[in-house]
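2 protein chains.
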Amino acid sequence: MEVQGNAVNTLLGGIEAGGTKFNCAIAANPNDVWERASFPTTTPEETLGQVIEFFQAGAQRHGPIATLGVASFGPVDLNPQSSQYGFITNTPKNGWSNTNLAGQLQGALSIPLAFDTDVNGAALGEHLCGAAVGVKNFVYVTIGTGIGAGVMVDSKLVNGAMHPEIGHMLMPQDRRRDPYPGHCPFHGNCLEGLACGPAIEDRWGLHGQSMDSDHPAWDLQAEYLATMCINLTSCYSPERIILGGGVMEQTHLFPRIRHKFLDLAGGYFPQVSQGNIRSFIVPPKLAGRSGEVGSLRMAQALCSSF
Amino acid sequence: MEVQGNAVNTLLGGIEAGGTKFNCAIAANPNDVWERASFPTTTPEETLGQVIEFFQAGAQRHGPIATLGVASFGPVDLNPQSSQYGFITNTPKNGWSNTNLAGQLQGALSIPLAFDTDVNGAALGEHLCGAAVGVKNFVYVTIGTGIGAGVMVDSKLVNGAMHPEIGHMLMPQDRRRDPYPGHCPFHGNCLEGLACGPAIEDRWGLHGQSMDSDHPAWDLQAEYLATMCINLTSCYSPERIILGGGVMEQTHLFPRIRHKFLDLAGGYFPQVSQGNIRSFIVPPKLAGRSGEVGSLRMAQALCSSF
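As they're listed, the protein sequences go chains A and B.
The numbering of the first sequence is the numbering used here, which starts it at 23 and goes up by one.
The numbering of the second sequence is the numbering used here, which starts it at 23 and goes up by one.
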């Protein structure tokens, strides 16, 4: 057996900072996790206190953690030139607006830290060992409380002036069929306003999980998500679109979205056809683990940049 | 005066290959053009014959041309692994489908050649010395016979599996206000189907140039283009959007689009506000020259890669 010198002592920390819970991991590499913990997202003081304690105790047990990767819910400021870099900015999540997430963690733990959005983290994870291994150009979309995306172009994550917020694209809506005014406080009937989890619940007066797969909600939902996929294909020309998040646990949506996509595309996009649509619009492979793997991958990349 | 050795002998060729005409240039650099010619886009044989003759004659007069940049109308195949790399593929332009543009030029002229879309060429030109100097993340959109875009992220042009075809994104349309079914043969009322030049003419029975600036066509047009800008902002989070092409010669559209953009954005995008919208949605600075500058810049980059 070969023992690789200093690799034994290089520990990584990963945080998937979600609006519901913070998942933390200490690992030798993204596929060798030594310890995990999960803390509910209550107040920044309480949650970050628990997170910091976890990593401090972990370091005592396992030795020093070299780098930390943080994949956070947002919106976050990713501009290294900004005075608010590493902040969660104007989030509707109570108590979390203007939280200096990266700064507080780094201040308390004194560990070099890589910071990105939760969806970029998940995209990285799926690229490393999930549904996008070897795929250079793809979009990872999460459809849950909100709708967000991590976009990889030529194997690199894309961030513009700030992070792309594809959830707020404007979409066709047939008001005769769907008179629902939309759930987005900014735009009403943008993509997120029409198709996020809370919009489904609000429109039909039922939680998605209590609706049968033949409820009319799902054909409408598939149509909105197929339209989203058309617009993502128009904008990024990806090789694959991964659809994750709570809403996509309704796996019967996949064949409906694929069918509607081909219908709406009208044969225009040569890279997508009846023959390969099942490998074009796909579920994540790491399911609940893509954020963990991604945050650890961020820590690993930071580590190897030293 | 300093004479720079071999720079004197390094000549560049640039071709802006459009659906109406091919603009050709021979230059020492993108801002020092020695000779220009323009040939109508008739058949591939005739047009390419004239283009090849121009560069052969030019090389006799000025000395050998080191590299050639070709920025072409499309759709084109930009995948270097594809057997159709450098082809104009399934274009509606009569006689030009499946034309091996790059191959024919390279075969006849024996000059190393860089190949890209017309809109990427224009975006490059505007980045080098036009409306996007120093702007790392921006979108250049042309609104004319069709609608296409060149996207720069972190100072690099973005191409996915194939080139982004933003013209085919699906958009909200209020059928009571605008019952027009759309002009796109693939999708009817996608962005291009609703807002390209021929759609304006077809909807109103008048050419845009013969309509007053208070014709109701323009408010509708501004609304579609503002919606497009919202979706581009959602997808790419750019610092600037440049709107060019024949339709945008109606310069009264700019203030209308900016006004409608702020209205539709609902305060969501922190990088765009009343205070900076005039530098966010802008006309090109090089006007008719962005394609020429861009194609020469492509030739220059190829030259310096040797």
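A couple of the hints might just be wrong.
Said to hold, decoys possible - Have a look at the derived ranges for each label pair, beta carbon to beta carbon:
1) E75(B) - S105(A): 41 to 51 angstroms
2) Q231(B) - G227(A): 44 to 54 angstroms
3) K158(B) - S327(A): 15 to 25 angstroms
4) T111(B) - P114(A): 17 to 27 angstroms
5) N120(A) - Q231(B): 46 to 56 angstroms
6) G297(B) - P62(A): 31 to 41 angstroms
7) R58(B) - N53(A): 33 to 43 angstroms
8) G227(A) - S295(B): 32 to 42 angstroms
9) E57(A) - G297(B): 41 to 51 angstroms
10) S105(A) - G289(B): 16 to 26 angstroms
11) F208(A) - P86(B): 34 to 44 angstroms
12) N51(A) - G289(B): 18 to 28 angstroms
Derived by calculation from the structure, the hints in this document are not laboratory data.
For glycine and all other residues, C-beta sits at the position ideal for the given N, C-alpha and C.
For this session: Note whether the CB distance of Q231(B) and G227(A) lies within 44 to 54 angstroms or breaks it.
Result: holds, 52 angstroms
Exercise. Cβ-Cβ distance between G297(B) and P62(A): within 31 to 41 angstroms?
Worked result: Roughly 40 angstroms apart at Cβ, these two residues keep to the hinted range, so it holds.
Exercise. How does the Cβ-Cβ distance of K158(B) and S327(A) compare with 15 to 25 angstroms: does it lie in that range?
Worked result: holds, 21 angstroms
Exercise. Within 46 to 56 angstroms or not, the Cβ separation of N120(A) and Q231(B)?
Worked result: holds, 50 angstroms
Problem set entry | Cβ distance range 33 to 43 angstroms for R58(B) and N53(A), holds or violated | violated, 59 angstroms
For this session: With 34 to 44 angstroms as the target window, see if F208(A) and P86(B) comply at their CB atoms.
Result: violated, 58 angstroms
For this session: Could you check the hint for me, namely that G227(A) and S295(B) are 32 to 42 angstroms apart, CB to CB?
Result: About 38 angstroms separates the Cβ atoms of G227(A) and S295(B), which means 32 to 42 angstroms holds.
Exercise. Using the C-beta atoms of N51(A) and G289(B), is the stated range 18 to 28 angstroms upheld?
Worked result: With a Cβ separation near 43 angstroms, N51(A) and G289(B) fall outside 18 to 28 angstroms, so the hint is violated.
Problem set entry | Whether the CB-CB distance between T111(B) and P114(A) falls inside 17 to 27 angstroms | Hint violated: Cβ distance 45 angstroms, outside 17 to 27 angstroms.
Exercise. Per the hint of 41 to 51 angstroms, is the separation of the Cβ atoms of E57(A) and G297(B) within bounds?
Worked result: holds, 49 angstroms
Problem set entry | C-beta pair E75(B), S105(A): status relative to the range 41 to 51 angstroms that was hinted | violated, 59 angstroms
Exercise. Honestly, do S105(A) and G289(B) meet the 16 to 26 angstroms range at C-beta?
Worked result: holds, 21 angstroms
In this structure, the earlier hints numbered 1, 4, 7, 11 and 12 are contradicted, and the remaining ones agree with it.
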